[in-house]
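Protein chains in written order, with the working numbering: chain Y, 1 to 380; chain G, 1 to 380.
Hints may contain errors.
Residues from chain G that face chain Y, not an exhaustive set, calculated with beta carbons under 10 Å [stated by the list, open to error]: (1) His183; (2) Ile188; (3) Thr226; (4) Ser233; (5) Gly242; (6) Gly268.
No lab work stands behind these hints: they were computed from the structure. Where a beta carbon is used, it is the ideal one built from N, C-alpha and C, also for glycine.
One letter stands for each residue in the lines below.
There are 2 protein chains.
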Amino acid sequence: MDQNAACTDFPHQSVTFPEGVALDCGRVLPSVTVAYRTYGRLNDEKTNAILVCHALTGDQYVAERNPETGRPGWWELMVGPGKAVDTDKYFVICSNVLGGCMGTTGPRAPHAEKPGRPWGTDFPVVTIHDMVRVQKRLVDHFGIGKLFAVIGGSMGGMQALSWAVQFPDSLVAAVPIAAAYYHSAQNIAFHEIGRQAIYADQAFHNGDYWSEGVRPERGLAVARMTAHITYVSEEALTRKFGRKLQNAEGLPAFGEQFAVESYLQYQGSSFVQRFDANSYLAITRAMDLFDLAGEHGGVLANAFRGAHARFLLVSFSSDWLFPTAQSRAIARALSHVAANVSFVEVQSDKGHDAFLLEEPDFHATLRGFLAGCAEYAGLS
Amino acid sequence: MDQNAACTDFPHQSVTFPEGVALDCGRVLPSVTVAYRTYGRLNDEKTNAILVCHALTGDQYVAERNPETGRPGWWELMVGPGKAVDTDKYFVICSNVLGGCMGTTGPRAPHAEKPGRPWGTDFPVVTIHDMVRVQKRLVDHFGIGKLFAVIGGSMGGMQALSWAVQFPDSLVAAVPIAAAYYHSAQNIAFHEIGRQAIYADQAFHNGDYWSEGVRPERGLAVARMTAHITYVSEEALTRKFGRKLQNAEGLPAFGEQFAVESYLQYQGSSFVQRFDANSYLAITRAMDLFDLAGEHGGVLANAFRGAHARFLLVSFSSDWLFPTAQSRAIARALSHVAANVSFVEVQSDKGHDAFLLEEPDFHATLRGFLAGCAEYAGLS
Numbered sequence: 001m002d003q004n005a006a007c008t009d010f011p012h013q014s015v016t017f018p019e020g021v022a023l024d025c026g027r028v029l030p031s032v033t034v035a036y037r038t039y040g041r042l043n044d045e046k047t048n049a050i051l052v053c054h055a056l057t058g059d060q061y062v063a064e065r066n067p068e069t070g071r072p073g074w075w076e077l078m079v080g081p082g083k084a085v086d087t088d089k090y091f092v093i094c095s096n097v098l099g100g101c102m103g104t105t106g107p108r109a110p111h112a113e114k115p116g117r118p119w120g121t122d123f124p125v126v127t128i129h130d131m132v133r134v135q136k137r138l139v140d141h142f143g144i145g146k147l148f149a150v151i152g153g154s155m156g157g158m159q160a161l162s163w164a165v166q167f168p169d170s171l172v173a174a175v176p177i178a179a180a181y182y183h184s185a186q187n188i189a190f191h192e193i194g195r196q197a198i199y200a201d202q203a204f205h206n207g208d209y210w211s212e213g214v215r216p217e218r219g220l221a222v223a224r225m226t227a228h229i230t231y232v233s234e235e236a237l238t239r240k241f242g243r244k245l246q247n248a249e250g251l252p253a254f255g256e257q258f259a260v261e262s263y264l265q266y267q268g269s270s271f272v273q274r275f276d277a278n279s280y281l282a283i284t285r286a287m288d289l290f291d292l293a294g295e296h297g298g299v300l301a302n303a304f305r306g307a308h309a310r311f312l313l314v315s316f317s318s319d320w321l322f323p324t325a326q327s328r329a330i331a332r333a334l335s336h337v338a339a340n341v342s343f344v345e346v347q348s349d350k351g352h353d354a355f356l357l358e359e360p361d362f363h364a365t366l367r368g369f370l371a372g373c374a375e376y377a378g379l380s
Numbered sequence: 001m002d003q004n005a006a007c008t009d010f011p012h013q014s015v016t017f018p019e020g021v022a023l024d025c026g027r028v029l030p031s032v033t034v035a036y037r038t039y040g041r042l043n044d045e046k047t048n049a050i051l052v053c054h055a056l057t058g059d060q061y062v063a064e065r066n067p068e069t070g071r072p073g074w075w076e077l078m079v080g081p082g083k084a085v086d087t088d089k090y091f092v093i094c095s096n097v098l099g100g101c102m103g104t105t106g107p108r109a110p111h112a113e114k115p116g117r118p119w120g121t122d123f124p125v126v127t128i129h130d131m132v133r134v135q136k137r138l139v140d141h142f143g144i145g146k147l148f149a150v151i152g153g154s155m156g157g158m159q160a161l162s163w164a165v166q167f168p169d170s171l172v173a174a175v176p177i178a179a180a181y182y183h184s185a186q187n188i189a190f191h192e193i194g195r196q197a198i199y200a201d202q203a204f205h206n207g208d209y210w211s212e213g214v215r216p217e218r219g220l221a222v223a224r225m226t227a228h229i230t231y232v233s234e235e236a237l238t239r240k241f242g243r244k245l246q247n248a249e250g251l252p253a254f255g256e257q258f259a260v261e262s263y264l265q266y267q268g269s270s271f272v273q274r275f276d277a278n279s280y281l282a283i284t285r286a287m288d289l290f291d292l293a294g295e296h297g298g299v300l301a302n303a304f305r306g307a308h309a310r311f312l313l314v315s316f317s318s319d320w321l322f323p324t325a326q327s328r329a330i331a332r333a334l335s336h337v338a339a340n341v342s343f344v345e346v347q348s349d350k351g352h353d354a355f356l357l358e359e360p361d362f363h364a365t366l367r368g369f370l371a372g373c374a375e376y377a378g379l380s
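Please take these sequences and the hints and turn them into a complete structure.
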């Protein structure tokens with residue numbers, strides 16, 4: 001992949017809404033393009049659509065080879081024919097989030113006020129709710145009045161929560177997985193490390209790196225490495241790497257590299273080939289700003305008054321980024337307003353990233369929940 | 001402080017051992033200078049000396065104003081007249097570690113093979129055991145045959161363990177606090193983030209920044225910010241900052257900064273005024289290489305055969321960097337070889353840094369332990 005291939009001119013499938021969108025920050029994006037993919041077939045009643053929401057660095061290529069990276073879709077384990085999210089039965093939609101770099105309007109899009117330039121760091125601050133309002137446009141575009149389900153992990157789980165709160169009549173079921181209802185001080189702190197690493201890269205050029213023909217790859221790689229540590233559990237790192245060396249046996253020698261270091265460096269360097277630094281800044285900020293309780297007088301239950309989706313909450317026991325306590329608090333708040341809620345903590349040593357990995361109990365749980373909802377909704 | 005004040009020409013109190021020291025890596029440092037401070041009075045029998053070992057970014061200024069930063073000594077809460085480590089009773093020694101930047105030989109010292117240049121990244125890889133062997137020279141220099149105690153937190157605790165293993169006849173008591181007997185994959189991963197941030201700083205110049213008249217301040221600041229997150233607990237960050245904004249009230253606004261971000265940035269920017277990047281690289285590596293079990297066939301108890309110090313192990317309940325499980329494993333291994341060991345887990349929400357902070361139970365525990373050891377050793 002050439003240096004500027006990521007986030008540029010790939011012909012992603014998309015739809016443009018020229019009427020634009022008003023953002024939570026008070027600014028207006030005069031035109032919004034949404035890049036998306038679909039899998040399966042929408043039934044005639046348009047009642048079998050599932051929206052899958054991606055996480056911070058995900059994209060719309062859920063269940064097929066990613067055309068930019070050449071790698072499998074990020075949730076092929078979960079979404080596809082016969083899978084828990086069965087594309088033989090459901091019509092699955094996934095769109096790149098607002099602020100992203102895979103075809104949806106983001107910092108790389110043309111600046112509304114400075115012709116001939118991209119937004120860069122001038123891109124308006126966006127929120128999780130803004131992302132969801134843009135997804136709603138896409139769903140409306142398909143003529144779908146009510147989604148069968150909105151499913152997402154991590155930041156995707158925040159979106160599922162936002163859907164249930166903003167558009168309570170537009171979904172049957174909501175499945176926030178490894179989710180959080182607010183970003184904690186520690187969550188914000190880890191994001192801030194990543195942002196500072198990007199700012200510290202001389203190639204950042206105050207966000208205007210495109211016009212300089214460079215990219216802040218080293219800073220973005222450090223950001224990714226930092227985030228990656230938070231996605232895996234201490235146990236998983238120990239199991240996979242322990243104190244093993246990269247190219248040697250036995251005791252740590254001098255000048256040798258530990259396998260975990262090599263692994264992190266690989267995570268960093270492969271990431272910068274597919275992701276844009278300004279999008280990373282915009283999306284991490286959107287997550288930091290998410291606070292469903294704060295928006296409702298500090299009482300989370302108040303956020304859910306009026307929400308009448310059926311909820312499945314899933315957390316993972318070794319997730320220390322969005323720990324079980326977050327999902328438990330959401331379950332409690334939903335119960336408080338008499339919502340229909342199931343909550344499962346999956347025992348796993350894989351940390352936050354468990355939602356992306358082979359976790360049979362989790363997959364069976366989601367499959368069962370969707371089957372129950374399908375029966376409830378009269379989908380056969 | 002001017003740009004190059006840190007780690008340069010301050011006249012730290014020191015002693016030089018021109019015979020040098022052989023290192024674990026197989027190389028020899030031809031001459032070693034050790035910068036140190038002492039507090040209290042060495043008794044005539046030379047039996048009342050306590051060596052305090054500092055952590056990664058600490059220094060020899062334990063119990064007095066630091067002359068470079070103008071800030072209080074890093075452990076004035078613990079060490080001083082009438083304090084738990086009572087300088088009216090004990091003679092306290094603290095030296096800057098090998099590889100450090102406060103007067104002891106480190107990357108800033110003259111290169112042994114390239115006259116007129118500092119070592120920079122050519123500085124030999126050093127280990128915790130090497131640091132301790134250099135401390136032993138200093139103790140010998142004072143004519144002290146047997147230390148009353150070796151006390152240290154975090155990396156200082158690794159040194160206390162190394163003392164007990166390397167020089168079992170040279171100390172009465174060992175107090176490893178918030179310590180670890182090996183650096184885990186996650187510990188190494190966090191250090192590696194810091195190192196990569198330093199490498200990514202254009203001002204690093206492959207470690208030769210001094211000759212360029214610059215310093216990799218931004219990279220080093222990111223390294224410090226990353227490490228700092230690991231020193232505090234999630235609870236402490238929530239208690240201190242939550243989602244508060246730095247300069248505003250109410251809900252997070254756009255363009256506002258969260259207080260935790262401002263705090264982290266301050267931690268980063270103040271650190272680079274007092275610490276040297278090459279020392280940071282050298283000392284983090286020494287910690288990564290520490291593995292008392294690995295060195296002894298994977299059996300930690302084997303490390304302690306022959307150790308006959310009286311041990312006090314202290315951990316803090318919310319420390320997720322060197323969690324209680326580490327201290328518990330050390331206690332178990334010591335018990336296995338019938339060593340004299342006390343182990344206290346202090347309930348605290350302050351995380352790893354609790355050992356530096358006001359923790360009355362911890363201070364009382366250490367005071368009581370030392371009193372018992374003094375009675376045992378016939379110190380009145």
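Comparing the hints with the structure gives:
1. His183: holds (7 Å)
2. Ile188: holds (5 Å)
3. Thr226: holds (5 Å)
4. Ser233: Since the shortest Cβ distance to chain Y is 9 Å, the answer is holds.
5. Gly242: holds (6 Å)
6. Gly268: It holds, given that the least Cβ distance between Gly268/G and chain Y is near 7 Å, below 10 Å.
Checked against the numbered hints given earlier, this structure breaks none of them.
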